[in-house]
Amino acid sequence: MSVADAPAASAGAGEADLPGSGPRGVAEWLRGTGRNGFALLGLVPFFAYTVVFLGLPTASVAINAFRTAHGTWTLHNISLSFEGIYRDAFVTSLKVALCTSAIGVVFGGLFAQAVLSTRRNTVLRRVVTTASGVFANFGGVPLAFAFIATLGTTGMVTRMLHALGFDLSSTGFSLFTFSGIVVVYTYFQVPLMVLVITPALEGLRPQWREAAEGLGASAASYWRLVGLPVLAPALLGSFLLLFGSSFAAYATAWALTSGTVPLVPIKIGTLLSGNVITGGENLGKALGFEMIVVIAVAMVGYVLLTRRVSRWLR
Amino acid sequence: MATLTGPAAPPLPPTPTATRALAGAGRAVRAGWWRWTIFAIAAVYFLVPLIAALEFSLRGRDGHRTIGAYGKILSEPEFGSALWSSVKLGLMAVAITLALLVPTMTLVHLRFPKLRRVIETITVLPLVIPPVVLAVGVLGAFRTAPQWLIGTPTILGFEYVILALPFAYRALDAGIGAVDLRTLVEASRGLGAGPVTALFRVVLPNLRTAVLSAAVLTLALVLGEFAMASLLLWDTFPSWVVHIGASEADVSVAVSLVALVLTWLLLMVLVTLGGRRGGRAFVGVLTGGTRDE
Numbered sequence: 000m001s002v003a004d005a006p007a008a009s010a011g012a013g014e015a016d017l018p019g020s021g022p023r024g025v026a027e028w029l030r031g032t033g034r035n036g037f038a039l040l041g042l043v044p045f046f047a048y049t050v051v052f053l054g055l056p057t058a059s060v061a062i063n064a065f066r067t068a069h070g071t072w073t074l075h076n077i078s079l080s081f082e083g084i085y086r087d088a089f090v091t092s093l094k095v096a097l098c099t100s101a102i103g104v105v106f107g108g109l110f111a112q113a114v115l116s117t118r119r120n121t122v123l124r125r126v127v128t129t130a131s132g133v134f135a136n137f138g139g140v141p142l143a144f145a146f147i148a149t150l151g152t153t154g155m156v157t158r159m160l161h162a163l164g165f166d167l168s169s170t171g172f173s174l175f176t177f178s179g180i181v182v183v184y185t186y187f188q189v190p191l192m193v194l195v196i197t198p199a200l201e202g203l204r205p206q207w208r209e210a211a212e213g214l215g216a217s218a219a220s221y222w223r224l225v226g227l228p229v230l231a232p233a234l235l236g237s238f239l240l241l242f243g244s245s246f247a248a249y250a251t252a253w254a255l256t257s258g259t260v261p262l263v264p265i266k267i268g269t270l271l272s273g274n275v276i277t278g279g280e281n282l283g284k285a286l287g288f289e290m291i292v293v294i295a296v297a298m299v300g301y302v303l304l305t306r307r308v309s310r311w312l313r
Numbered sequence: 000m001a002t003l004t005g006p007a008a009p010p011l012p013p014t015p016t017a018t019r020a021l022a023g024a025g026r027a028v029r030a031g032w033w034r035w036t037i038f039a040i041a042a043v044y045f046l047v048p049l050i051a052a053l054e055f056s057l058r059g060r061d062g063h064r065t066i067g068a069y070g071k072i073l074s075e076p077e078f079g080s081a082l083w084s085s086v087k088l089g090l091m092a093v094a095i096t097l098a099l100l101v102p103t104m105t106l107v108h109l110r111f112p113k114l115r116r117v118i119e120t121i122t123v124l125p126l127v128i129p130p131v132v133l134a135v136g137v138l139g140a141f142r143t144a145p146q147w148l149i150g151t152p153t154i155l156g157f158e159y160v161i162l163a164l165p166f167a168y169r170a171l172d173a174g175i176g177a178v179d180l181r182t183l184v185e186a187s188r189g190l191g192a193g194p195v196t197a198l199f200r201v202v203l204p205n206l207r208t209a210v211l212s213a214a215v216l217t218l219a220l221v222l223g224e225f226a227m228a229s230l231l232l233w234d235t236f237p238s239w240v241v242h243i244g245a246s247e248a249d250v251s252v253a254v255s256l257v258a259l260v261l262t263w264l265l266l267m268v269l270v271t272l273g274g275r276r277g278g279r280a281f282v283g284v285l286t287g288g289t290r291d292e
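Quick mapping for you: the protein sequence lines, in order, are chains E and P.
Anchor point for the first sequence: position 279 equals 278 in numbering that gives the first Met the number 0, and the numbering is continuous, going up by one each time.
Anchor point for the second sequence: position 152 equals 151 in numbering that gives the first Met the number 0, and the numbering is continuous, going up by one each time.
You may find that some hints are simply not true.
To give an idea of the interface, some chain P residues facing chain E are shown, with a C-beta separation under 7 Å as derived from the structure [unchecked claim]:
no., residue
1, A39
2, A52
3, G193
4, D234
5, V241
6, H242
7, L259
8, V260
9, L261
10, L264
Chain P stretches covered by chain E per the calculated footprint, using a threshold of three residues with CB under 8 Å from any CB of chain E [as the list claims (entries may be wrong)]:
no., stretch
11, 71-81
12, 87-93
13, 96-108
14, 152-165
15, 199-212
16, 243-256
Pair ranges (Cβ atoms, derived) [what the hints assert, rightly or not]:
no., chain 1, residue 1, chain 2, residue 2, range
17, P, A192, E, E209, 30 to 36 Å
18, E, L123, P, T120, 51 to 57 Å
19, P, T120, E, R124, 30 to 36 Å
The hints are simulated quantities; they were obtained by calculation from the structure and are not laboratory data.
Only a predicted model underlies this, so the values are computations on that prediction, with no experimental measurement involved.
Ideal Cβ positions, reconstructed from N, Cα and C, are used throughout, including at glycine.
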């Protein structure tokens, strides 16, 4: 995805900017440093802005997660966030994230490979690429309402199944519970996977496959012994990215369930808007801090793995 | 992506022996079978909700088809003000994003290449911090902030710039990587242009596609952002859609569908624009996994 593309896209641009080695280069470089102090001022607005509007709020969450309402230091918020309904919320959020990322990786990966195995420059390819870009961004409120119209109590599919004598609710499926959230999140996880994994799939050299076939390998053994081992870091990296995206999601779940399914972001929202219990505000910050830690771990893993992939991708 | 022979390159070299050709044909048939199964599943899964939403929005109270729900959108009392509020925030976020990123990125590219990594890391951070958590932090950090900042939706506009950073940065980065900015700027300086002239008359025109896509991505993000707006209690377009959904489900589904189609068109234009050169970079930019804000 974008995080991985950026360094690869303009790699080498940085090196060209280093001062030359000859005497003229040194002179230029010296003249340059004289003005660099002034030029550095040009970077102040960007850094000031991100410190104020990103740094301060994040610091506020991280610090207050360890403070009481009176301003003394404590670990109480953190320990409270691992008990009762908050622990359940973490478990549910993790389960949703793991489930939807696994489905996304498997189905998105197969789908991307299926698209790549068609001929190049077909309409199908272009439609899938652009549609993936759109669908991966199609989260939130509209998605929730589209699914309510599909699988809700009076949804089109629900009614069609009912007309066929099949009661959807008898299977234990409900759009407004865990199973529903998984179905809906898959809608943006699969396209995201298609976008993220396509470059890696394109990087599989046809020669490897030809070599494997020349040695008598079947398609299955090619994938088992060559394809999948080569793709493993890319697949794991994509999994972590999808995990982060699903773990942080709020709008879709909220619009779908009005906050009845216990997910961590939903709990934070509830703590923020209504004072459910006293001192709840800092409990929300403790939950928020833990979310940042979980997503940060996933994203660092993603970046490290994609860096590994980009080594053989170019 | 740089390879000339992708895995799906047309099988031009004819296979030397008949047996191998037959084996290849057999594989193609089998490959076709699993491929079409997957396409069919994907088509059903991705299209049925859209069709169902259309069907739902056209369903009248008494059972017959009507486009009444679409007519009702415009007559809803708060529709206009909610949409206008979102558009204003969107334009504000676009203006700040461009004013902040274009000069900074140009300067870093030309003068401080070593700081590139730093800027890039900062722009990725918003992907790590969920909007819900950012909203909590905003309420905590700006509790005592002046009224013009925290007492009006202005604060949302400022924070949307942060949420859009990862996407705007990557869109602009793709543009900067595609042109030789150094030569262009040096040429303009040689012709006597000052830094401001160079920025407005050389850098910006050369980055127009990238600037446009950064602006469109930022705008699309703001028009669909729900978490922060709802937690900070400001009425924007998405929070209005949720609000109306409680009483008039058909209207909210109709509005959602219109919003989706418009977003789709906007992003399609973007992809088509970017498709001419470096289409992949633009698709990468679109990868908004965390776009469920």
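Going through the hints against the structure:
The interface hint given for A39(P) is broken, as the beta carbon of that residue sits about 11 Å from the closest beta carbon of chain E, more than 7 Å. Because the closest C-beta pair between A52(P) and chain E is about 4 Å apart, less than 7 Å, the hint holds. The beta carbon of G193(P) is not positioned within 7 Å of any beta carbon in chain E (closest approach about 13 Å), and the interface hint is therefore violated. Proximity of D234(P) to chain E is violated relative to the hint, the smallest CB-CB distance being about 14 Å (cut-off 7 Å).
Interface hint at V241(P): satisfied, since its Cβ lies 5 Å from the closest Cβ of chain E, which is below the 7 Å cut-off. Because the smallest distance between the Cβ of H242(P) and any Cβ of chain E comes to about 10 Å, over 7 Å, the interface hint for this residue is violated. The interface hint given for L259(P) is met, as the beta carbon of that residue sits about 5 Å from the closest beta carbon of chain E, less than 7 Å. Given the 7 Å rule on beta carbons, the hint for V260(P) is violated: about 10 Å separates it from the nearest Cβ of chain E.
Below 7 Å, beta-carbon pairs count as interface contacts, and L261(P) has none with chain E, the closest being about 10 Å; its hint is therefore violated. Below 7 Å, beta-carbon pairs count as interface contacts, and L264(P) has none with chain E, the closest being about 10 Å; its hint is therefore violated. Taking a C-beta to C-beta cut-off of 8 Å, the stretch 71-81 of chain P contributes 0 residues in contact with chain E, too few for the three needed, and the coverage statement is violated. For a cut-off of 8 Å, the count of residues in the stretch 87-93 of chain P with a CB near a CB of chain E stands at 0, and the three-residue condition is violated.
Counting residues of the stretch 96-108 of chain P whose C-beta sits closer than 8 Å to any C-beta of chain E gives 7, which meets the bar of three, so the coverage hint holds. Coverage of the stretch 152-165 of chain P by chain E holds. Counting CB-CB distances below 8 Å, 6 residues qualify, and the rule asks for three or more. Three residues within the 8 Å Cβ limit are the bar, and the stretch 199-212 of chain P against chain E gives 0, so the coverage statement is violated. As drawn, the stretch 243-256 of chain P meets chain E at 6 residues by the rule of a beta-carbon pair under 8 Å; at three or more, the given contact holds.
One distance hint, 30 to 36 Å for the beta-carbon pair A192(P) and E209(E), is violated here, with the actual separation near 55 Å. For L123(E) paired with T120(P), a C-beta distance near 37 Å fails the hint of 51 to 57 Å. The beta-carbon spacing between T120(P) and R124(E), approximately 33 Å, falls within the hinted interval of 30 to 36 Å.
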